[in-house]
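Visitor: Got chain S; can you put chain Y on it based on the hints?
Here is what each chain is made of, one letter per residue.
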Amino acid sequence: MIKVEGLKKQYKEAVVLDVESLEIPKSECFGLVGNNGAGKTTLFRIMLDLVRASAGKVTIEGNDVSKTEDWKSRVGAYLDEHMLLSYLTPDEYFETLRKIYRLSEADLKLHLENFKELFNDEILGKKKYIRDLSKGNLKKVGIAAAMMGHPEAVLLDEPFENLDPSSQNRLKKLILQSKENSKVTFLISSHDLNHVTEICDRIVLLEKGKVIKDLNEKSLMSEELNTYFGV
Amino acid sequence: MVVALIRLELLKSIRSTSFAKSALVAVFLAFLALLLLSYVVFFGIFLKAIIEKGFESTDAYATLSGVMVYFFLFEFMYRYFVQKLPVIELERFLHLPIKKGNIMHFLLGRSFVSPLTLIAPLLFTPFAIQEIAPRFGSGAAWSWLFCIFFTSWSLHWLMLWFKQKFEDSLIGIGVVFALLLIGAGSTYYGWYNLGSLVKPIFDWSLASPLPVVVMGLIFMVTYWLAYTYYYSNAYLEDLTEEENVRFINQDLGIFSRFGLAGELANLEWKLIIRHKKSRTYLMLAGFFLLYGLIFYTNPVYKSETGFSHMFVFVGSFITGIFMLQYGQLFLSWNSANFDFFLQKRTGIEALVKGKYLLFVVTSSLCLLASVPYAYFGWDILLIHLVTFLFNMGVIMHLVIYLSLWKPKPMDINKGAMFNYEGVGIAQFLMIIPMIGAPYIIYLPFALLVNQYAGLLALGIVGVAGILAFPYLSKISIDKVLQNRHEISSSFRQEL
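The listed protein sequences derive, respectively, from chains S and Y. Heads up: the first sequence at position 147 corresponds to 147 in my numbering, and the numbers run straight through without jumps. Heads up: the second sequence at position 73 corresponds to 73 in my numbering, and the numbers run straight through without jumps.
Chain S extracted, bound-state conformation:
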């Protein structure tokens, strides 16, 4: 589904990302881990064409992301607050997205129904702008928005950060569910090794922009990662 070829990102002399090749098949849950500054967010941003690659390219189902736009309707993402319209209320925001994705009102209702448990009655129907929400609730809005419009792939940057433990579990359930039911491909970066090893089929470890480990075997994942991070 997503293919990375000879990707490089350089700021002047500093190489921040250098990925030879990476292929993410459909309906895989792809985990991305690495220390601060390893290049996780940069990789996601290049995949979404928010940052220009210095060399190489990312293709989504054969389309170069920097040359075409059609893939955008098939890929959902939530990286940071820049992707939200923070001056709207969550309801208005979802309504706006509904129009952009050309969904019916019933579709939107159905979609938000899935998030009922995660939202915990703190998001919908409140007279509060997104910018005034707490960090955790902000994240929930972003994740719900990213998974809207029946995307084939969803990119989430640190989705578990700032969520309370029960929300973290609910989110894990949601991700596994939509992977099961709609064959959605997930790309998740996280510092939380427990969560990411639990839900992901494959974990890639980045260090200083390079892929240094590509782990497929579930039983060995946590041990390898724990040794690397020294926990």
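None of these hints come from the bench; they were simulated from the model. C-beta: ideal position from N, C-alpha, C; glycine also. There could be a bad hint or two in this list.
[Said to hold, decoys possible] Straight-line Cα separation of at most 27 Å, DSSO-like style, residue types lysine-lysine; simulated pairs:
1. LYS127(S) - LYS406(Y)
2. LYS8(S) - LYS479(Y)
3. LYS57(S) - LYS406(Y)
4. LYS67(S) - LYS165(Y)
5. LYS57(S) - LYS12(S)
6. LYS116(S) - LYS135(S)
7. LYS270(Y) - LYS72(S)
8. LYS127(S) - LYS276(Y)
9. LYS84(Y) - LYS414(Y)
10. LYS276(Y) - LYS126(S)
11. LYS12(S) - LYS479(Y)
12. LYS109(S) - LYS128(S)
13. LYS474(Y) - LYS67(S)
[Claimed, not checked] A few chain S residues facing chain Y, derived, Cβ under 10 Å:
14. ARG45
15. ASP49
16. ASP70
17. LYS72
18. LEU79
19. LEU85
20. TYR87
21. THR96
22. ILE100
23. TYR101
24. SER104
25. LEU108
26. LYS109
27. ARG131
28. LEU133
29. ASP164
Guide: Chain Y only, in chain S's frame:
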């Protein structure tokens, strides 16, 4: 402790991103401030001459003291609009183990270090030396001067309290309007003479030091008022701005007919209504509708045949003011959520088109609202119509194209007055083509044939531009798409 705070303050201004990134703008603004202050000094030096020659007054002192109250009314107005509140700084100090009282004294004291504090001394000291000291003695001059200084400076503290308590509320606007009415009632309608009611206070200050002592006390009382108010409200929740206009704002129905672009125009409308900076721009647009009154009623611009060439400028200003002001920061308004649009299919195209749509609608509203100017002659209505067409066909594309030159991020929750965030050199230079463009078309025809031919040419060019809209708008859209990576990383403040 205070020294440490002052040091922090200096470091802050030296290292602030806006200073480092646009040193040129900072230099320009500093130059502007110096220029304005030097005007004040010049005005002060020639104040006596101006009063004696200009107003044919034999007693310059009596005339000045008689109108002094208007100076203070005016000062109240400009302080209301210009003066900044020091509370924004509070957040960074409140959690530290520094006495709250010290923080407050420091912040209030810092706010006093401002060009506004200097205006009254610069303006009136030369006058006191030239006029009052020779006539009434130097003691009287000092006493008169300090009476004025303390009044001016009391206004400083009063304004800190007043703005924090009432800004953006109906009471605040009410008080400002009431003061305007008091001034106007006295000058225009002659119901009473405010000036001569207040004059005795200043006369008295020549003979006795008592008024100075009283004004000095008022100065201290107003400081104490500001201090206690700020001290007792030194909690983040109390001092952050309250949103008063929540949820009264609804969608503008007309936009919904234009598909995705219309939807984004609607979003933009909500953005305007819900942020302080854009709200101020909107209010200014309403205010500038009255701009015509200055020119159209002024006998200087009356001519026997036709109309003044100046009116073309006035017309394009009135019908396009919102577009000109809002448009010069075109993408900066969306700097906080630019990635949202980038990540949607055809999102950028729809965003730009939505803004076009918004400009067309607001300019049309301005045109409609300016119809009553027909009272000053049908010519004016014609000028407005023609400049409107020209704005839509040419200026709009020009503004948008120029504003795409290195757009900068800005925080649109801050006020608009004297806030130069997002403003770069492009925004300054933009003014030249904005004013020049209509005249390049209009003047040759107006001077060689006649004024109506000039208007006709403007109108034709405007209509041609409107017909070429799909092509012209594509230029801007392509430019954004081409630079999308640079723009988005600059908005994320990564550069």
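Visitor: Holds or violated: LYS12(S) with LYS479(Y), Cα cutoff 27 Å?
Guide: 24 Å, holds
Visitor: Does the interface hint hold: is SER104(S) within less than 10 Å of chain Y, judged Cβ to Cβ?
Guide: 16 Å, violated
Visitor: Closer than 10 Å between Cβ atoms is the bar; does LEU133(S) clear it against chain Y? Give me holds or violated.
Guide: Violated. Min distance 14 Å.
Visitor: Could you grab the alpha-carbon distance between LYS276(Y) and LYS126(S) and see if it respects the 27 Å cut-off?
Guide: Roughly 22 Å separates the two Cα atoms, so the pair holds.
Visitor: Report holds or violated for the interface hint on LYS72(S), using the least CB-CB distance to chain Y and a cut-off of 10 Å.
Guide: 4 Å, holds
Visitor: Could you grab the alpha-carbon distance between LYS57(S) and LYS12(S) and see if it respects the 27 Å cut-off?
Guide: 19 Å, holds
Visitor: Are the Cα atoms of LYS57(S) and LYS406(Y) separated by 27 Å or less?
Guide: 26 Å, holds
Visitor: Is the interface hint for LEU108(S) satisfied, with its Cβ closer than 10 Å to some Cβ of chain Y?
Guide: 14 Å, violated
Visitor: Sort out whether LYS406(Y) lies within 27 Å of LYS127(S), counting only the CA atoms.
Guide: Answer violated: LYS127(S) to LYS406(Y) is near 36 Å, above 27 Å.
Visitor: Quick check on TYR87(S) please, does its C-beta sit within 10 Å of some C-beta on chain Y?
Guide: At 5 Å from the nearest chain Y Cβ, TYR87(S) passes the 10 Å test, so the hint holds.
Visitor: Under 10 Å, Cβ to Cβ, is where LEU85(S) needs to be relative to chain Y, so tell me if that hint holds or is violated.
Guide: Constraint on LEU85(S) satisfied, holds at 5 Å.
Visitor: For the pair we were handed, LYS8(S) and LYS479(Y), check the Cα-Cα distance against 27 Å.
Guide: 25 Å, holds
In this structure, the earlier hints numbered 1, 4, 24, 25, 26, 28, 29 are contradicted, and the remaining ones agree with it.
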